[in-house]
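**Q** Listed below, chain by chain, are the residues.
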Amino acid sequence: MSVKTKTISEKEGPHAALPRTAHVRSGRPVHVPAGTTRVVAALLRKELLVELRTLESVPGMSLFAVTTFVVFHFALNQSSVSGDEAAGILWVTLLFAAMLGVNRLFVADEDQGGFDAFLLAPVDRSAMLLAKALALLAYLLVLELVAVPAFGLLLLGPSLGQALPDLLVVLVLADVGIAVIGTLVAALAVRTRARDLLGPLLALPLLVPVVIGGARATSPLFGLNHADSPPARWLLTLGLYDLVFGLIAYAVFDFLLED
Amino acid sequence: MADRGVSTIVSGPIAADTESIEGEPALRLEGLARHYGEREALSDVSLSLSAGQTLVVFGPNGAGKTTLLRVLATLLRPHAGGVRVLGKSLPDEAWAVRGRIGLLGHEPLLYRELSARENLRFHARLHGVGEERVEELLGAVNMENRAKEPLRTLSRGMVQRVAIARAVLHDPELLLLDEPRANLDPAASELVEPLIGAASRRTRVISSHDPSGGLSEADLVLGLRDGRPALLREAADVDPGEIAELYR
Amino acid sequence: MYGRGLRTLSIATVAVMGIALGLVFFYAPLEAEEGFLQKIFYIHVPLAIVTLCGFVIGGLLAIQHLRTREQRWDMRSYVAIHMSLIFAVGTLITGSIWARGSWGHWWVWSEPTLVSFLIVFLLYATYQPLRFAIEDPERQARYASVFAIVAGAFVPLNFLAVRLSTEYLHPRVLGSASNLPAKMQLTFLVSLLGIALLYATLCKYELTAKHTRKLLKARSKILGFR
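Residue numbers (this note's numbering), protein chains in the order written: chain A, 1 to 259; chain L, 1 to 248; chain H, 1 to 226.
So here's chain A without its partners, still in its complex pose (with noise of 0.2 Å):
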């Protein structure tokens, strides 16, 4: 049996001090506790191939946000919007898909024992925080792959083409707000009894700094003559939600997972 041989990672985690001289000793195949990293790469894999075989959040988001569209159409009786109301839609559709996905999250590992899976293995316990956020994010990147288009093609007035880089910018930006809190909020929702409720009616509050700051950072790319850049204080705020909610995650996290 072959002894992988790996440097363990620099984060002081609680498989550094495992005792490993027993095993040497005996000449059992000593097998070094895996690094944060690829505890991370292992998780997101597994959590991706697993959406990938049931296709259970990203299509049902995407097609949501779709939906929602035309029914907005219907709402307001327009055809086609521009500036905050063009804002305002977009985002508020992005959020309710986003839901979608968050109530998702974590059902397949309460309902199918991951989360012991993960509680047994001699990790640091904030690889699955890091791991969920990141598959959240990916998934919210694909919806919008598919949303944003559709959102040009079906209600916006003005073209989307010169807009596209900052509102990248501004996507990824509240994406990454959303998928923290969202991971979060899934991971304490799931395992009360109302799960599906609770999770939107904790998130969307939580979020609503997110909505200002992606709502009044699109308003102007959305311009009805023209496109302006996004004001810089709302890209901050967004950057300040993500990092202060991106700690007290980190922070926090584990104490959701453990009993």
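These aren't lab readings, by the way, just hints derived from the structure by calculation. The C-beta atom is built at its ideal place from N, Cα and C for all residues, glycine as well. Relax, there's no trap hidden among the hints.
Some chain A residues flagged as far from chain H (calculated, every beta-carbon gap over 12 Å):
| no. | residue |
| --- | --- |
| 1 | ARG53 |
| 2 | ALA108 |
| 3 | GLY113 |
| 4 | PRO149 |
| 5 | LEU168 |
To give an idea of the chain A side of the interface with chain L (calculated C-beta under 8 Å), a few residues:
| no. | residue |
| --- | --- |
| 6 | ARG38 |
| 7 | ALA42 |
| 8 | LYS46 |
| 9 | VAL50 |
| 10 | THR54 |
| 11 | ASP116 |
| 12 | LEU119 |
| 13 | LEU120 |
| 14 | ALA121 |
| 15 | VAL123 |
Assemble chains L and H onto chain A, guided by the hints.
**A** Chains L and H alone, transformed into the frame defined by chain A:
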């Protein structure tokens, strides 16, 4: 030093390895208690189990068997009392023993959409174990031919076999088994014997409903009732009648 | 243990609030533009401030709970948040009355404090449903603490975001208290103290009641009846 090549699948660690340098027993519980709200799920459980020995836990449903196993697995924190597993005290040093414990619970802890191989590889990565080990175990539980199919297409017996493979994937010193032979036919039961049976020479804690079968495997017997130890004795001194009493 | 000092605190609260009321109605001058209605400012803003502090304190107590795992910190955190939620309703109502009086609408989006409060209220309104949706008491306390910490951090961020986004169409009378004339400042500070004392007293009452109930339960259990 014994050849540790292929034989590691069949026989587990040598008994002496499972003790820490001080020669402590593999398990030492003193007044372990865990409550669930107002109810005592476990109370006043004390015992000592030497390395390589097998503890079998009997008791009716709700007696606390699963809770005990989960506490030992570091999945649940003890609310009172002292718990030392493999020389480390829980919950503070739980991270130090996590990689050395294998749990086989009611749930297989596997993803239904993934195949046996994918599931085992995932666990292997979590534990820092190489992929060759996955192949070895797939062979040992006779699942090589069905290793590519999603678990939801397999029978319960097969899933149980993969779950057993998962439990011993990282070659744990301590095995915690919650009714391990459920869903296994006699052939499969024999198949997994070297991995989780007495021959594996790992320290084991087994939760069982089968008085005669369980007793034969045990070195130490613990009978639980409403979370309290109703019976704690060397297996040799226990007869099946006393175990049946617990279920009354 | 909890009941000690309760009487003193209650008396102090009543006294200070009495003084505050007196100051509000007889001492503080009438504001030029708004007239009598402006006096609601003396209850609305202190309520807002105390509520916000209460939520943040709830978060801090929750941190302590997670660190020590002692149930009493969770109880304190719960009471702090619970009480703040009630005071938040008071803030929203008084704010709404004031908005109606000043601008003719029961709700205005142009007042960032009010708007932020609405969001914060909606968030914390999920605190109790969250708790009741978890059966295991230990996990319930732990998850509630996580929520309290995240929500506590959210409060200032939310205020920042809303304030940045609000168009100042109307002159903000709820401006900072520092550029108020001296008489108004004094009245305001005394009101603030009164509301803060009220908050503390009510919290203490609730904590004492809960604690006593727990003790009673424990004793009756020992004595054999449930």
